[in-house]
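Undergrad: Each protein sequence line maps, in turn, to chains S and U.
To convert a position in the first sequence, counted from 1, into this note's numbering, add 267.
To convert a position in the second sequence, counted from 1, into this note's numbering, add 267.
Hints may contain errors.
For identical chains, the list gives no copy identity; a pair is met inside one copy or between any two copies.
[To be verified] Only pairs whose alpha carbons sit at most 20 Å apart, straight line, appear in this in silico DMTMM-like list of lysine to aspartate or glutamate:
| id | residue 1 | residue 2 |
| --- | --- | --- |
| 1 | K466 | E325 |
| 2 | K282 | E436 |
| 3 | K291 | E478 |
| 4 | K291 | E322 |
| 5 | K282 | E465 |
| 6 | K412 | E325 |
| 7 | K466 | D435 |
| 8 | K282 | E292 |
| 9 | K412 | E290 |
| 10 | K410 | E436 |
| 11 | K410 | E465 |
| 12 | K410 | E307 |
| 13 | K291 | E438 |
| 14 | K466 | D402 |
| 15 | K466 | E295 |
| 16 | K466 | E328 |
| 17 | K412 | E423 |
| 18 | K437 | E322 |
| 19 | K437 | E340 |
| 20 | K410 | E328 |
These are calculated hints, taken from the structure and not from any lab test.
Predicted model, so just to flag it, every value in this text is computed and none were measured.
Protein chains: 2
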Amino acid sequence: MPVIALIPFKPVNPKTRLSCVLEKEERESFARMMLADVVEAVSGAGCTPTIISTEPYECRETMVEVIPGGLNETLNTLLAGQKGPVLIIMADLPLATPQAVMQIISSRQDIALAPGRGGGTNAIYLAKGSSYRVDYYGASFLKHKSIARERGLTCEVIDSFRLHTDVDEKEDLVELLIHGRGRSSEYLESLGFTLSIEKGRVGIERRDPLELKAR
Amino acid sequence: MPVIALIPFKPVNPKTRLSCVLEKEERESFARMMLADVVEAVSGAGCTPTIISTEPYECRETMVEVIPGGLNETLNTLLAGQKGPVLIIMADLPLATPQAVMQIISSRQDIALAPGRGGGTNAIYLAKGSSYRVDYYGASFLKHKSIARERGLTCEVIDSFRLHTDVDEKEDLVELLIHGRGRSSEYLESLGFTLSIEKGRVGIERRDPLELKAR
Numbered sequence: 268m269p270v271i272a273l274i275p276f277k278p279v280n281p282k283t284r285l286s287c288v289l290e291k292e293e294r295e296s297f298a299r300m301m302l303a304d305v306v307e308a309v310s311g312a313g314c315t316p317t318i319i320s321t322e323p324y325e326c327r328e329t330m331v332e333v334i335p336g337g338l339n340e341t342l343n344t345l346l347a348g349q350k351g352p353v354l355i356i357m358a359d360l361p362l363a364t365p366q367a368v369m370q371i372i373s374s375r376q377d378i379a380l381a382p383g384r385g386g387g388t389n390a391i392y393l394a395k396g397s398s399y400r401v402d403y404y405g406a407s408f409l410k411h412k413s414i415a416r417e418r419g420l421t422c423e424v425i426d427s428f429r430l431h432t433d434v435d436e437k438e439d440l441v442e443l444l445i446h447g448r449g450r451s452s453e454y455l456e457s458l459g460f461t462l463s464i465e466k467g468r469v470g471i472e473r474r475d476p477l478e479l480k481a482r
Numbered sequence: 268m269p270v271i272a273l274i275p276f277k278p279v280n281p282k283t284r285l286s287c288v289l290e291k292e293e294r295e296s297f298a299r300m301m302l303a304d305v306v307e308a309v310s311g312a313g314c315t316p317t318i319i320s321t322e323p324y325e326c327r328e329t330m331v332e333v334i335p336g337g338l339n340e341t342l343n344t345l346l347a348g349q350k351g352p353v354l355i356i357m358a359d360l361p362l363a364t365p366q367a368v369m370q371i372i373s374s375r376q377d378i379a380l381a382p383g384r385g386g387g388t389n390a391i392y393l394a395k396g397s398s399y400r401v402d403y404y405g406a407s408f409l410k411h412k413s414i415a416r417e418r419g420l421t422c423e424v425i426d427s428f429r430l431h432t433d434v435d436e437k438e439d440l441v442e443l444l445i446h447g448r449g450r451s452s453e454y455l456e457s458l459g460f461t462l463s464i465e466k467g468r469v470g471i472e473r474r475d476p477l478e479l480k481a482r
């Protein structure tokens, strides 16, 4: 049975913690590029992606369901109707690859969790969607482990930095410039972002794209 | 042939970026605990660990070589004499497990790299130690990929958040408190560190251990 991949997405004013380096329109474009990278990774792993958008959003290649409302409520309503396998994967994981997605969806446990940096949950695979309910925000990884335990579901933790790396802050762009091979890293480069090294630490800087081209 | 695991270690005044939450003696203890976790992971994966210490360091179970001097010079001198397989793994990877180490040492490529957060290299597996030279500091991951290319060596990038997570800063302790199962997370807990959640973000706080026990 093909795995349904639910990808929650916020198209309007997303990624506000990147406001220090990206304008609102750039953040919206960047979020769409990251989404495209995630869609490509899940499709490449054989999943059927559905974008769950808080606002109307047009996407030619992928099914979009517009559901305004809270993340948990939306996902739990959708899960209740799913007897088959479901993957919930965040839209801000531009390092995700088909291989990393394969790793989580080939779990033989009832549930597999890909933790995010800082206690979050970046992807959840459920052998049977309706067996589970999600509880995002805060230390959601620990909450998700508890929910599995309470429900008597076996649970595996997936060891992947590609699924661990969600892009929220300026420092996270370093990871994308180093390890990204998709549309979102291309987009950052087109805006003039490059790696910079100061006092041995790797950061990012933004230059005039024309100046970079001329080099 | 058993894989030799070289673990560079700095026992005196280590992890200065943790000075905001740990005293010098605590940082030294904490570094020893992280080292013990790494030694356990590599031993569990069947490697033969050797601690490469910048200063005299006593360790009952593990061989220690004391080599004052720069990291690159020290490692490159050691590598030159190694015709067999070598793993170089950093001492600040307390989330490492035998499974994660198995993943890197079972690579079929000439070299396998486990990237660290922020452009670093946390572990390097070499099918033949003497075929390579290391170049740490700065964006060492990119440098290590280039060196492999220059030398015509096939190279694999290992996708593991357990090897990706090096502990340098206060925020990294969150990862350890959530995912750690070894001596270093136990040590942090014994000092009174717990997770705290403020405005939906997960951080750490340090309380009086006696107060925590009384709860």
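Undergrad: Which hints from the list above does the structure break, by number from lowest to highest?
TA: Of the numbered hints given earlier, those the structure breaks are 1, 3, 6, 9, 10, 12, 15, 16, 18, 19, 20, listed in rising order.
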